[in-house]
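Protein sequences appear in the order of chains Y and P. Following the working numbering from start to finish, the first sequence increments by one per residue and tops out at 133. Following the working numbering from start to finish, the second sequence increments by one per residue and tops out at 423.
Hints may be right or wrong, so weigh each one.
Computed from the model, here is a short list of chain P residues facing chain Y with C-beta under 7 Å [as the list claims (entries may be wrong)]: (1) N39; (2) I89; (3) E92; (4) G155; (5) L180.
These aren't lab readings, by the way, just hints derived from the structure by calculation. All values reported here derive from a predicted model rather than from experimental measurement. Here a beta-carbon is modelled for each residue, glycine too, at the ideal position from N, C-alpha and C.
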Amino acid sequence: MKKEMICIVCPVGCHLSIDTDSLEVSGNKCPRGEKYARIEITNPTRVVTSTVKVNSVLQRRVSIKTTDAIPKEKIFELMAMLDSIDLKVPVKIGDVVLENVFDTGENVVVTMTLDE
Amino acid sequence: MNYDLIIIGGGAAGVAALKSAYDPNLKILLVERENRLGGILKQCIHNGFGVHHYKEELTGPEYAVRGIDAIKTLDVDILTDTTVIDVEKTNGTFTVRMSNTTDGDHLRTSKAVILSSGCYERTRGAIQLPGDRPSGIMPAGSAQRYLNMEGYLVGKKIFILGSGDIGLIMARRMTLEGAKVLGVAEIMPYSNGLTRNIVQCLHDFDIPLYLSHTISDIRGKSRLEGITISEVDETFQTIEGTEKHFDVDTLLLSVGLIPDINMFESLSFETSRKTNGAIVDQTYQTSVEGLFACGNALHVHDLVDFVTEESEKAGKSAKAFIMENHKKNKKLIDIEASDNIGYVLPQKLDMDQPFDEVELSFRATMKGDKGVFVIHQGDQEILTKKARFVMPAEMEKISLKKDLIDTTEPITIRFEVTQ
């Protein structure tokens, strides 16, 4: 099966086409596009940013992120895990909320400091 | 109380301006209307900030803290939860009228003022959308604040008008939080957002992007019930027979931002019709001596990194203005946008101010994969620069050396597409 995608490695934005069985890439103007398309097809990953509940007087949610990209297919599972988290102030940038999510070695950390 | 400098707005721009304007001999006040510094970055929880300025990828709140940490030990006054109501200038002194719950309505004076008050979102009224007027229609940035800071998801079935980055970011964000985003419509034949956001915010979640489409009808009594989009022709008129209907409870608008300087009307500085912000010289000084402007209050930026850079320059200029007592020159050289350029900043050049080169920031009005920017003075071509992948959504920059400027004739910049 052929899958169409736009390369986001550089601003050119090549329209790529990849065969999902043979992993043959076309439409790329440079080798980076080929590599991008293969990773996108075999193991696409994304950094996830969201918020979790916090008892701060300043705002009701505090922002979080994964320390690096995690498999794309796990994004909604991670979102569900975040629902049950309830942080207490003070929270500070880098505080670990979830450790080693999906055995990726990546943590979910707070990206905002709230003292009160 | 008398200050040397009052900075209005404590977002990325105000914080950067404060850092570079600081001097132990100056009395500086920064006024912020929210409960703490950081501005819009507080609600921009996604990553991608700081790649230029800090050489690493940060989320909005993390970027904000970098700037705030750099000023928090400085001996300056910072007032939060305080709104500036008016600014006046008489006999060389600015009077800033402000209000908060501690001191009520009160006045502070200064020798110089920096406007770093950010921008606001265009609303439904600004783009004259047809149809009913139910609830459930709001700017995308407002929905972002509700969701990321207050914890409210403003709807379950969403449509987004405008493919600017805020719209795209919110398409993903609402989807992650359980809403269904049925589509994004863009009146232009190309997206106004970064390609990376098209891929990671729309393609990742199979959200369709309807280019050359706009809203042709809105239905709903108390709450929004549905919208209709139609294709548009080259003159942006809707084409009959191309209607598509969507049952949605929420319509988010990502249709542009406007510098928030309306409250400063009594100052009557010159403004630009193209940027909706002040007209400035290369020191970011407006037509009112001692009044500086930077950040989104001056012109809307696509990258906060550039806001920081620009505001550091504005802060430095304000400091030089106060300490070295520079007088603003009456005779300024005009810098004008010519063919295929939407606007250029600064719009004026003051040859009496000390500078070696001036950085021109500008936007093209058309896309071009390959082309050249040409700078003229009078009929003399003084600088050309090759350009690749030019698009209106991305701000371009060129440094122009002072010794290339020989006369007092206007300087113009144009964009020639070669491919």
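Against the structure, the hints come out as follows:
1. N39: holds, 6 Å
2. I89: Violated. Min distance 24 Å.
3. E92: This interface hint is violated because 33 Å lies over the 7 Å limit.
4. G155: holds, 4 Å
5. L180: holds, 5 Å
In summary, the structure is inconsistent with hints 2 and 3 from the numbered list given earlier, while agreeing with the others.
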